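S.K.: Here is how the chains run, residue by residue.
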Amino acid sequence: MTEVRVPAVTGLPDDAVAGRGSPAPVPRRRGPGGRGPFGTLDWARWGWRQLTSMRTALILLFLLALGSVPGSVLPQQGINPQAVQQYYAAHPALAPWLARFSLFNVFAAPWFAAIYLLLFLSLAGCVIPRTFRLAGSARQQPPRAPRNLSRLPLAVTMTSPLPPDAALARASALLAGKRFRVRTGDGWISAEKGYLREAGNLLFHLALLGLLAAVGMGGLFGYKADRLLVAGQSFGNTVTALDQFRPGRLVSASDLQPFSIALNSFSARYVASGPDMGQPAAFNAHLSYQGQPGAATQHYDLQVNHPLNVDNVKVYLIGHGYAPVFRVTDGTGHVVFNGPVPFIPVSLNGLTSEGVIKVPDAHPQQLGFAGVFLPTTVDVGGKLESAFPSPYRPAVSLVAYAGNLGMNSGVPQSVYQLDTAAMHKLPVKPRPLAPGQSVKLPGGMGTLTFTGYRQWISLAITYDPGQLPALIAAIAALAGLLISFLVRRRRVFVRAGPGTGGGATVEFGGLARTESSETFGAEFATLSRELSTALGAVAPSSDLPSSSNGRE
Amino acid sequence: MLWRPRARRAARVAALGLAGALALGACDSGAIGNSGPGSNGQSFVSGSPGTTVYGGSSGPVAPRVAGTLLSGSKFTLAQDHGHVVVLNFWGSWCTPCRAEAPSLSRLAEHFTPSGVRFLGVDIRDSPATAEAFQRDFRIGYPSLNDPGDEIALDFRDTVPPAGIPTTLVIGRDGRIAARVIGEVSYPGLRGLISQALAQSA
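Going down the list, the sequences are from chains A and B. Take 1 as the starting number for the first sequence in my numbering and just add one per residue. Take 553 as the starting number for the second sequence in my numbering and just add one per residue.
It should be emphasised that the hints constitute simulated quantities derived from the structure, not laboratory data. On a predicted model such as this, the values are computed, not experimentally measured, just so you know. Keep in mind that a hint or two might mislead.
[Unchecked claim] Covered, in the sense of this in silico footprint (three residues per stretch, anywhere, with C-beta under 8 Å from a C-beta of chain B), are these stretches of chain A: (1) 233-239; (2) 412-420; (3) 430-440.
[To be verified] Just the calculated beta-carbon pair ranges, DEER-fashion: (4) A/Leu-468 x B/Gly-607: 38 to 48 Å; (5) A/Ala-479 x B/Thr-628: 29 to 39 Å; (6) B/Ser-746 x A/Pro-293: 27 to 37 Å; (7) B/Lys-626 x A/Ile-318: 33 to 43 Å; (8) A/Pro-293 x B/Glu-661: 29 to 39 Å; (9) A/Gly-444 x B/Glu-661: 50 to 60 Å; (10) B/Val-613 x A/Leu-481: 29 to 39 Å.
[As the list claims (entries may be wrong)] Which stretches of chain B does chain A cover? Using the computed rule of at least three CB atoms under 8 Å from a CB of chain A, they are: (11) 644-653; (12) 714-727; (13) 745-751.
We put the CB at the ideal spot given by N, CA and C, even for glycine.
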């Protein structure tokens, strides 16, 4: 429905009309708010109208996309704080200025928040009033029948032996039977069909709002987390157990679902021959999990793209690798380290993995080791490489350091990097260790034994409560859109006037509100045939506007 | 005829209400996790540091804590009912835990004669590595080994440990009196323990 704007009418001066007996002059209209030429209320109204216009919404959407660019180009604090620290080290003058504009935390920056808040406001302010308007127009009654039905694009005249009132009643019953909304008047009826279109429109707009709300809900209440798990280990879903935790705005530590997962074993199968040799063929992580402490233990085989769904949280298998197991005895004879150390794969062919072992409680000096794990060790021209990712001939090659690891000062370090600034390298003859072998460190520093190896998997834990509502809203929006495109609104009118011999002259006209009137033409022809049968009328005259009393 | 003034106003209020609900996303609720350029590397969540004090007689009741000590024997927190307990979640690989260990050791020496019990909960460590840590920092109090995070899960409904390290001070009545996320300072924790001792005396 288009809005018809009535231009402001300026009143005529009193003395110009006083003598003419015309109605009282229309008072002068000052401004839309009526409070003065253009008051603050009118400015506010103008501002709101600008904000909720489609042009503004598109501009804000463009700004949102533009504002996300620094979030993709620069390292972000919430994703990779180490990279941010490295950026600070590499660009000492530029980095503080970027931080002032929150470019290291774009998605939490106040200006980014302002953009998407305005965008939501604009969309909501546009869609909600439209929804009310559509709800109103869905309840509308058909308009009055025009006086001259022969002016309509489709019109038919017929004579009926029934008196006009009976003819109208019959016509009304027929149209009501065909699910038209009928409005009767004095000598005419008006019927309209196709209000489902407005319902479809309404559904589309409400679903759009629902989609916005679902996305917002997911962002507020959802979280993502990562955890690396070595075979034989288990963990519970608490903040202390996660490697990385990226919560939504309203998520706190007590909102995490309390499940626990244990990795019993992990098996990987690789292509053994042919051009794809060494490529992974299948991964299978055998998990046992509990939905909450004390619940029954269940089992699940986790594979890539087949996530575990526990308590509405999805757990994905993201990666895997090897964790060789070491036992370190220090110079005083105590066992100061005993456990698996995850090594990170650095080459995809053969899964050569690198890692670091930190032994901060060794005496007389703290120890650190950096090395390489090779699942299938081969000697290629004096250099050790891994030929195949399965552990057919595993070996570890390490470099040993002693000194101060820098862990006691409290400054956080990555467990995968060794800071050797305050350490000296120990003169150990470099040779690869097979499982069971050990190396004695010089200077009474201790002994390291490579006792065996295990495998590890990395899990991505995601909780998004807005996912299902967003899907439902998207489907509803599509359904509403389809309905509003496929269903057309059309109107028919019937006028009955007294005809010859106590009968009635019935005029029947129709109008399709949208342009596609071809299908409406066929429907109109069917309707007019049925109407003439119901009224007992003679065969209707042609569709062209004609005078009454068509004779057979 | 479609835009009655009351409907228009209702529409605007609804629009603002919806935007307001979505605007909660802009409010910084002190999100847990990495924050600030000085925070950790990639392998644990240090949490946003801070101390929270709970009302003495109305604080949350601490759950029953039970587990295996590093030495292998069983232990239950209920054994300590009637004493002030300091519960410290730590790991030997966690650098802030190593920085606060001397303070905790001295505080344990200072307060154990007054009847305060110190208990550690060791996360993601093998017993040998944890015992080496305790020897290194001369930690006199025992620690539970919690490889499956069961003890941390037990605290989820009351005062969850929201990062490593986390220190909880539990009063004599079994109610949690305070929580410190991050490295504790000697004077800070001493104040909290003294407060707990004075409260339910």
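S.K.: Determine which of the earlier numbered hints do not hold for this structure and return their numbers in increasing order.
M.R.: As far as the earlier hints go, 3, 5, 9, 10, 13 are violated by this structure, in ascending order.
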